[in-house]
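Produce the entire structure from the sequences given, and follow the hints as far as they go.
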Amino acid sequence: NFSPVEEVGSWTPVQVIDGEIPQDFPAGTYIRNGPNPYLLDESILISPFGKLYCHWFEGDGMLHATRFDQGGKFITYKNKYVDTMAHKIEKNTKKTSFLRAVEGDSLAISASYLLNFVRQLHLFCFIFLSYNVQLRFGKVNGPTCNTHVFKLAGKLYAVAEADIPHEIDLSSLNTLGTLDFSGKWKGPFTSHSKFDLEKQELVIFGFNAKSPYLQIGIVSKDGDLIQKTDLELDRACFIHEISITKNYTLIPDFPLTINMNRLLKGSGRLVEFENNSSSRIGVMPRYGDSKSVRWFEVEPGYSFHAVNAFEDSDEWFARGITPTDPRNARDPQVDGALLANLREWRFNLDKGTVVERNLTSLETCGIEMPKINKKFTGRKNQFAYAQVVDVEASKVVGKFQCVFLLMYLRFAVYRHAKDEIDVKYHDLGANRYGSEPLFVARPHSTDEDDGWIVSYVHDEETNKSEVYIFDAQKFQDQAVARIGLPQRVPYGFHSDFFF
Numbered sequence: 001n002f003s004p005v006e007e008v009g010s011w012t013p014v015q016v017i018d019g020e021i022p023q024d025f026p027a028g029t030y031i032r033n034g035p036n037p038y039l040l041d042e043s044i045l046i047s048p049f050g051k052l053y054c055h056w057f058e059g060d061g062m063l064h065a066t067r068f069d070q071g072g073k074f075i076t077y078k079n080k081y082v083d084t085m086a087h088k089i090e091k092n093t094k095k096t097s098f099l100r101a102v103e104g105d106s107l108a109i110s111a112s113y114l115l116n117f118v119r120q121l122h123l124f125c126f127i128f129l130s131y132n133v134q135l136r137f138g139k140v141n142g143p144t145c146n147t148h149v150f151k152l153a154g155k156l157y158a159v160a161e162a163d164i165p166h167e168i169d170l171s172s173l174n175t176l177g178t179l180d181f182s183g184k185w186k187g188p189f190t191s192h193s194k195f196d197l198e199k200q201e202l203v204i205f206g207f208n209a210k211s212p213y214l215q216i217g218i219v220s221k222d223g224d225l226i227q228k229t230d231l232e233l234d235r236a237c238f239i240h241e242i243s244i245t246k247n248y249t250l251i252p253d254f255p256l257t258i259n260m261n262r263l264l265k266g267s268g269r270l271v272e273f274e275n276n277s278s279s280r281i282g283v284m285p286r287y288g289d290s291k292s293v294r295w296f297e298v299e300p301g302y303s304f305h306a307v308n309a310f311e312d313s314d315e316w317f318a319r320g321i322t323p324t325d326p327r328n329a330r331d332p333q334v335d336g337a338l339l340a341n342l343r344e345w346r347f348n349l350d351k352g353t354v355v356e357r358n359l360t361s362l363e364t365c366g367i368e369m370p371k372i373n374k375k376f377t378g379r380k381n382q383f384a385y386a387q388v389v390d391v392e393a394s395k396v397v398g399k400f401q402c403v404f405l406l407m408y409l410r411f412a413v414y415r416h417a418k419d420e421i422d423v424k425y426h427d428l429g430a431n432r433y434g435s436e437p438l439f440v441a442r443p444h445s446t447d448e449d450d451g452w453i454v455s456y457v458h459d460e461e462t463n464k465s466e467v468y469i470f471d472a473q474k475f476q477d478q479a480v481a482r483i484g485l486p487q488r489v490p491y492g493f494h495s496d497f498f499f
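For the sequence shown, this note's numbering begins at 1 and goes up steadily by one.
Certain hints may be false.
[As the list claims (entries may be wrong)] Across the chosen pairs, the derived CB separations fall in these ranges: (1) ASN92 x GLN200: 34 to 44 angstroms; (2) SER10 x GLU297: 34 to 44 angstroms; (3) LYS265 x ASN358: 29 to 39 angstroms; (4) LEU39 x GLU315: 46 to 56 angstroms.
Since the hints were made in silico from the structure, they are not lab data. The C-beta atom is built at its ideal place from N, Cα and C for all residues, glycine as well.
As structure tokens, then:
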């Protein structure tokens, strides 16, 4: 279920095929982003410089949206491409706009970067005259906007690390333009911004292969960039997600590094885990600068996805997903490489100490794509939901990295116990695999786990996809509702619910 699908066109009515939508399920739109290549030109896989592979991460962004009225009396589905520069070029020329540049032989990838950069200078004039729009050009890889969606100042955006966000019209899913805060934000933009509900602030960041390697920003509720800080890091790290607390930002500096020299010399990949390098986490006051960061050395490893962070008395807590073996993590062909656990780091700024431990001890599976009730972002919370990697099924996937076939779990960190973790599993059934488990809160409820888990689920046997809705407080029970869809939804990345 990784091959691309076509756009269905207009909003299409869909039906509940099992169960019923809860009466107090909120009206809104559930949107999940993910890769969906517009063109698959096999000729680009072989070049004079070596082999290039079509990597799943490079697929064009496609939004899959299911819209509910109050109580789910009328439900519709629509999917649509994010209309990035690369997608515009491909629609108009019917040719692949950017050479593959994620996976392959070192020399071939290096050549792709150079050719992509030069090629866009040539194509820019054509696109500008055809569309009369101002486009960014001279990129070494294509903008995809295939990773996440978020809302800021009443506007919806799609985003991926390599580019700036693209504004999306919620009613039509049309792409309206880009967001760079009137030119104040230069460089990549995170797929995982953090919204502080109490302070009404959005914390953003972007990492780069050139100095400054990391920028952190704060955006007001009105959408204005009110602070931007360049962090003085010694290396370029692949930082997919940071964490926030009420007053601080927590920054991972793990040795999953980006190094063009390594690629050019043929001594390694562009993005690679450095086995003999150090790991650390920085604790920075929300409005601090690079010099205000307190760095804590931690055990070697890395974490793609954070669960949450919070302040409790005189300590700061961060929780994230860490692989058992970071050297080979996310390679389905390496035994044990897909194993991952929930890890906790506890910082004491007064003493300058950090204590870390695994909160789970999963020995036969891994977890990924954690989600919480967003109202508790940066605040002490108890519950989180994640996907469980089906290790054997994922091995069959083959070449793709970071592509897992998944079930679900819910883990509860008890408020009054230091060591007890309650892990509950929900098995979707044979040959059924899901997307990220999104928590949708019950309207007006203050209980953290009072709501539902929503996800796109695909049946590999029937090759059909559905929307599942689970009661979060009855996690192991069958879905309260299943919604049939007009076509399958390929496996993808992150999601949210928009009111």
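Each hint tested on the structure:
Separated by about 41 angstroms at the C-beta atoms, ASN92 and GLN200 satisfy the suggested range of 34 to 44 angstroms. A hinted range of 34 to 44 angstroms for the beta carbons of SER10 and GLU297 is inconsistent with their spacing of about 55 angstroms. For LYS265 and ASN358, the Cβ-Cβ distance of about 36 angstroms falls inside the hinted range of 29 to 39 angstroms, so the restraint holds. Between LEU39 and GLU315 the CB atoms are about 51 angstroms apart, so this pair conforms to the stated range of 46 to 56 angstroms.
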